[in-house]
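Protein chains in written order, with the working numbering: chain A, 18 to 341; chain B, 18 to 341.
Do not take every clue at face value.
Any copy, or any two copies together, can satisfy a pair, since identical chains are not distinguished.
Below 25 angstroms or equal to it, Euclidean Cα-Cα: the simulated SDA-like pairs (lysine to any residue) are [unchecked claim]: (1) K284 x H315; (2) K276 x S336; (3) K276 x D339; (4) K83 x Y27; (5) K294 x N313; (6) K32 x V299; (7) K21 x N313; (8) K284 x R327; (9) K284 x D329; (10) K121 x R258; (11) K211 x V244.
I should point out that these hints are in silico values taken from the structure, not numbers from a laboratory.
2 protein chains.
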Amino acid sequence: MEQKGELISYRPDIKVVDCTIRDGGLVNNFYFDDEFVRNLYTANVAAGVEYMEFGYKASKEIFDVKEFGKWKFCDEQDIRDIVGDNNTDLKISVMADVGRTDYKKDIIPKTDSVIDMIRIATYINTIPAAIEMIHYCAEMGYETTINIMAVSTAAESELDLALDLLAQSEVGTIYLVDSYGSLYPEQIRRLADKYLKVAEKYGKKVGIHAHNNQQLAFANTIEACTVGVSYLDATMSGMGRGAGNCNMELLLGFLRNPKYSLNPVLKFLQNQMLPLKKTGLVWGCDVQYMLTGQQNQHPRTAIAFTAEQREDYAAFYQSLLDRE
Amino acid sequence: MEQKGELISYRPDIKVVDCTIRDGGLVNNFYFDDEFVRNLYTANVAAGVEYMEFGYKASKEIFDVKEFGKWKFCDEQDIRDIVGDNNTDLKISVMADVGRTDYKKDIIPKTDSVIDMIRIATYINTIPAAIEMIHYCAEMGYETTINIMAVSTAAESELDLALDLLAQSEVGTIYLVDSYGSLYPEQIRRLADKYLKVAEKYGKKVGIHAHNNQQLAFANTIEACTVGVSYLDATMSGMGRGAGNCNMELLLGFLRNPKYSLNPVLKFLQNQMLPLKKTGLVWGCDVQYMLTGQQNQHPRTAIAFTAEQREDYAAFYQSLLDRE
C-alpha cells in the first residue's frame, strides 16, 4: 500500500465534510435552533471546510414532522433561511436514506436549489435502489456520494460486487462507513485500498465516515487519508450518534493545507458546543460504546444503556456476548 | 515495514503493563487508598496483565513525603502490604526518574524485593546517567526498561546515537514514549521501526507509552504493536496526566491472546474508576490537551487551563502559537 502525501505537505484533493447537524441530529432529534446552525455555517466557511451537511431529506410519509426538528427533512426554504443563496466556497450537502426518502418528490432540480451534493446512504442489500437514486440525483444536476453503511458486517464478496456496480454508476464519491466503530486502522487501510482500487479505475473519489466507539474515529480517518481517501467526514466536538464521530478540531489540526483555519472552530466549540453540552445532551466515547464496537454490533443497546444511566459494564458485556 | 501478526492470531511476545497508579498518580498526587490499589492488583491478575507499575521510586531528599501519597516513593513494605510475596504471574514494576531518585539507597537487591522490573525514565540529554542506573539495577538483579521521554522534541541524529548506546547496555526493553501526545500513527510506525531495528540487533524488546491528547493513545499503541513493539502500556479508564493514556479496556479488547480477560477490568471500572471520577478527579481528552499535542508542547499549560476551569480555547490556542 502506497502512502499518498507527506505530513509536511498537503493534498489539494482533500475535502472536509462537516456532518455536525446530520449525525449530531441523531443525538437531539434534529432540534438545533437557527442561531446554532447559522453560527456553524459561518464557522465552517471561515475554517475553510468544503462541505456542510444540513441533515436528512427524510420522507414526511414515513416520519412525523411533529416528532423531529426540521433538519430531519431539510426543506429548501429552511436551508435558505440560514445560507441565503450561499455565496461562499462552502458547498451544501444533505443525506437521503434508501427507502426512507421520497426523492422523486423532495429532491428538486439543482438549478432551483442551494444544495450541491446528495449523499445516498444504503446497506449492501439495497444497492440497486441506491443506484436508481444516484441516477436520479445526477440527472437532477447534483454531485452525489454513496455511503455503504455497516460495512463491517458485509460479506467481502458482496462488497466487491457492490463496489464494482457503484463505481460504474454516475456517483462521484464512494464512502467507506464504519457504522459500528468496530474497525481497526489496519482494517481501515485494507478496506480503503480496496475501495480506492475500484474507484480510481472509474475516476471516482473515496470518502470515510468513522465512528468513535473505540477512540479510533480520528485515527481511522487520517489513516484512510494517508492511503488516498480524500473526502473526510468530521463533526464539531465529535457530536454524533452514540460514541460520535471524528472531531473536526482534531482533523483540521492534522491537515496541512493553509486554507484551513482552526480558530473559527475553537470559537464555535467554546461559544456553541459547550453550552449545547450543558443542556444535557450526551455523546462520545464510553465503555458501553467501546463494547458494542469491539463486538461489531449496532450501538442501539449501548444507547439504551446510556439513556438508562446504567453503569454495570460487566453485565452489559455478558449480554452482548449472548448472540443466540 | 513488515506487519507482525494478524488480527485473528496473537503474538505471545506481547506484554501488557498497567500504569494506572504511576501515571494516574500524577492526577491525584499518588493518593490512592489501599483498597483501590488492592482491587487493581486483583483485577490485573485476573485479567492476565503481565506487569503492574505501583508508582515511582522518588527521592525523599528532593520530594517531601508529606506532600505526596506513598506511591510516589513505593517503599518495599508498602508494596508488600498489597501483594504479600506476590505469588501470582503478575510482575511488579516501579519507575525511577534519572536525577530524581536515590537509587543506590532506595533500590535494594532483587532477592529482598517483590519488585521485578525497574523502569528508568530519562530525557535524551541524560542518557549516560540512565545507562549508569540501568547497570546498577541490572546488577541488583532486576529486569529493566529505559523510557526516553519527550522523543517528539529530540533531534533525530541524537536519538539514533542514544538508541545505539542504550541497545548495547544491559537494558531489557527500550520504550518509545510520546510524552506530549503529539505523534500521529504514521510517525509512530516510523519511530517504532527505528527503535526495533536497533533493539533487535542486540536482542532487546521495544515498548510504547502513549498519551491521549489527540485521541491517538490507543491507535498509536496498536499501530506500534502491529509493526513489532511488544511492551504495551495502558491504564484503567486511560487515567493519567492531562489527557491520559491508552485505555486498558480498549487494549485488552484488541488483543487476541485468550489469556486476557476483559471482565475483571470492566468490574474494576464500574466499582472503582467510576467512584474515583465522581470525587472530582479530571483527566482525559479535551480541547486544551489536543492543542498542546498538536503544537508538540508539554501539557503543563493545558493542565493549568483545566485547573482554572477556563473555556476560552481560541485565546489559549493563540497563546500556544506565541513561542518567542
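The hints, checked one at a time:
With identical chains, the CA atoms of K284 and H315 are at most 25 angstroms apart between copies only, with a shortest distance of 23 angstroms across copies and 33 angstroms within one. With identical chains, the CA atoms of K276 and S336 are at most 25 angstroms apart between copies only, with a shortest distance of 21 angstroms across copies and 48 angstroms within one. For the identical chains of this complex, K276 and D339 are inter-copy neighbours only, at 21 angstroms across copies versus 49 angstroms inside a copy, given an alpha-carbon limit of 25 angstroms. Within a single copy, K83 and Y27 get their C-alpha atoms no closer than 45 angstroms, and across copies no closer than 52 angstroms, so neither meets the 25 angstroms cut-off.
In this assembly of identical chains, K294 and N313 lie within 25 angstroms of each other by CA distance neither inside one copy nor across copies; the values are 28 angstroms within and 28 angstroms between. Taking CA atoms no more than 25 angstroms apart as the test, K32 paired with V299 passes in neither setting, with 28 angstroms inside one copy and 35 angstroms between copies. Taking identical chains as interchangeable, the C-alpha atoms of K21 and N313 lie at most 25 angstroms apart only when they sit on different chains, with a minimum of 23 angstroms there against 29 angstroms within one chain. In this assembly of identical chains, the alpha carbons of K284 and R327 lie at most 25 angstroms apart only when taken from different copies (13 angstroms versus 34 angstroms within one copy).
In the homo-oligomer, the alpha carbons of K284 and D329 lie at most 25 angstroms apart only across protomers (8 angstroms), although the nearest pairing inside one protomer, at 37 angstroms, exceeds that limit. For a Cα distance limit of 25 angstroms, the shortest separation of K121 from R258 qualifies neither inside one copy, at 28 angstroms, nor across copies, at 55 angstroms. For a Cα distance limit of 25 angstroms, the shortest separation of K211 from V244 qualifies both inside one copy, at 11 angstroms, and across copies, at 21 angstroms.
In summary, the structure is inconsistent with hints 4, 5, 6 and 10 from the numbered list given earlier, while agreeing with the others.
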